[in-house]
Amino acid sequence: MTRTRTALGIAVGATGTLLALGTSPALAADTATVSVLHGVPDTPVDVYANGERLIDDFQPGTLTDPLQLPAGTYDLALFPADAADGSGNPLLSADGVSVPAGANATVVAHLDAGGAPKLTPFVNDTSAVPAGQARVVVRHTAAAPAVDIRAGGQVVAPGLANPDEASLTVPAGTVSADVVLAGTGTVAIGPADLTLAEGTTTIVYAWGSQDAGFDLAVQTISGSHSSPSGVPGGTAGLVDDGGVPMPLVALSLAGLAGAGIAARRLSTSRV
Amino acid sequence: MRRAAAGVVLGLSVAVGAPVAWQVTEEPVAAGASVERALSAPVPPSVPSGEGPAVAPASTLPPVTVRDAAPAATAPAPVPVRLAVPALGIEAPVDPVGVRGDGQMALPDDVDRVGWYRFGPAPGTAGSTVLAGHVDDRDQGLGVLAPLRDAAVGDRIEVIDAAGAATGWRVVSRDVIEKRALPLDQLFGRAGPPRLVLLTCGGPFLPDLGAYRDNVVVVAEPLP
Numbered sequence: 001m002t003r004t005r006t007a008l009g010i011a012v013g014a015t016g017t018l019l020a021l022g023t024s025p026a027l028a029a030d031t032a033t034v035s036v037l038h039g040v041p042d043t044p045v046d047v048y049a050n051g052e053r054l055i056d057d058f059q060p061g062t063l064t065d066p067l068q069l070p071a072g073t074y075d076l077a078l079f080p081a082d083a084a085d086g087s088g089n090p091l092l093s094a095d096g097v098s099v100p101a102g103a104n105a106t107v108v109a110h111l112d113a114g115g116a117p118k119l120t121p122f123v124n125d126t127s128a129v130p131a132g133q134a135r136v137v138v139r140h141t142a143a144a145p146a147v148d149i150r151a152g153g154q155v156v157a158p159g160l161a162n163p164d165e166a167s168l169t170v171p172a173g174t175v176s177a178d179v180v181l182a183g184t185g186t187v188a189i190g191p192a193d194l195t196l197a198e199g200t201t202t203i204v205y206a207w208g209s210q211d212a213g214f215d216l217a218v219q220t221i222s223g224s225h226s227s228p229s230g231v232p233g234g235t236a237g238l239v240d241d242g243g244v245p246m247p248l249v250a251l252s253l254a255g256l257a258g259a260g261i262a263a264r265r266l267s268t269s270r271v
Numbered sequence: 001m002r003r004a005a006a007g008v009v010l011g012l013s014v015a016v017g018a019p020v021a022w023q024v025t026e027e028p029v030a031a032g033a034s035v036e037r038a039l040s041a042p043v044p045p046s047v048p049s050g051e052g053p054a055v056a057p058a059s060t061l062p063p064v065t066v067r068d069a070a071p072a073a074t075a076p077a078p079v080p081v082r083l084a085v086p087a088l089g090i091e092a093p094v095d096p097v098g099v100r101g102d103g104q105m106a107l108p109d110d111v112d113r114v115g116w117y118r119f120g121p122a123p124g125t126a127g128s129t130v131l132a133g134h135v136d137d138r139d140q141g142l143g144v145l146a147p148l149r150d151a152a153v154g155d156r157i158e159v160i161d162a163a164g165a166a167t168g169w170r171v172v173s174r175d176v177i178e179k180r181a182l183p184l185d186q187l188f189g190r191a192g193p194p195r196l197v198l199l200t201c202g203g204p205f206l207p208d209l210g211a212y213r214d215n216v217v218v219v220a221e222p223l224p
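Residue numbers (the UniProt record's numbering), protein chains in the order written: chain A, 1 to 271; chain B, 1 to 224.
Since the hints were made in silico from the structure, they are not lab data. Mixed in with the good hints, there may be bad ones.
To be verified - Taking beta-carbon pairs under 7 Å as the criterion, some of the chain A residues facing chain B (in silico):
(1) Ile55
(2) Gln68
(3) Ala192
(4) Leu194
(5) Thr195
(6) Ser209
(7) Asp240
Every residue gets a Cβ at the ideal spot worked out from N, C-alpha and C, and that includes glycine.
Given the sequences, and given the hints that come with them, work out the whole structure.
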């Protein structure tokens, strides 16, 4: 299991904040892949990038499909969805967000552990997993203290705090996952059945608050599959294509022997 | 003396002629387009353009689609359950299989059954549907896919799924490829037009390894 604290913090509402998203060397386009998840309960928003409306009436608990954004810097701002377009004070904003070519990231609007809204960019690991495996990433974006993530009743990611993530590579399949308060058996979210498809990255977000309720959000990124290393298909040699069949070898040898005998007769008859 | 001379000539021609004639008349291992060619197809650009009807003309931002992020059960595609290649007399039940501990594709132990690589595409969906089986087994004898080496371009293949629906296919390529040179990423590709890939073992048997050196590869495309 790997565990990373997202070091890419951004100051909410501050201007001139530089946000650097990690790059994935596998992608060499002039675009970046960016998804946006809304995890602030009860607060529909309009999302603006560089003063242009990117998402209209973005509902809590919903996720954009991956956006191919031209690499560059973006000023992001979230306004309450019921306000006149682009007017008033933004609920959340981050200026100068750097989106480098080839990056794959999810920007999450969510609550911090204390319940204040914030924007957190997560870099998505889309590297290949072995054949038969799936990657599952869990991200704590809820207004809650540290939690343990359990799969099938076993703790797989202990002590996860907002806004940390944990990543595991597991055999593909369906798992029953739940979230408990760290070190306890007190279930905060779930259990929910999660389909971890082979060769995909399934990202599970714990979001919400005590008042609004906690929930899970799921993002799936495909394309991390690997091929099997081979196809082992026989053990007996019954259809061996190794060379000339035995009867043919015998026939050839017989011909050679016949020629030898005839040659000897030829040489003796000459004497 | 003339008879003896004729004997020498005859003996030598048999000695040399038999293997040569065998070599010359032997069916070539490959038929049809190359496996790589049969599997490769122009991949449509997956990156949508930045322009869209929902965006103002001057915009650099792509249109956005939004989905509910709540965990949802996905309905699995129907799995293939039966394979038939009438021209080769192949008729076999199909089992979903995955990978072995060593990373190789798992195959049914029973040589009369064929494995479907369940992590790859289902028949008729984008990419390669891979069906594979043992060509033989020390205890069980010849496998049901042993005739695959004789597949001809144009041979029809039928795959029946668990819902009873049949997909029809036509062989476009057959080859025998050394296992270490197998284009695995193409054979198990998950993008591009639907292809059916049938695999078993073939080529020289290597007794030291208890295995064949090569894989017999048959690629088929959907019947119109």
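The hints, checked one at a time:
{"no.": "1", "hint": "Ile55", "in the structure": "5 Å, holds"}
{"no.": "2", "hint": "Gln68", "in the structure": "5 Å, holds"}
{"no.": "3", "hint": "Ala192", "in the structure": "5 Å, holds"}
{"no.": "4", "hint": "Leu194", "in the structure": "6 Å, holds"}
{"no.": "5", "hint": "Thr195", "in the structure": "5 Å, holds"}
{"no.": "6", "hint": "Ser209", "in the structure": "17 Å, violated"}
{"no.": "7", "hint": "Asp240", "in the structure": "4 Å, holds"}
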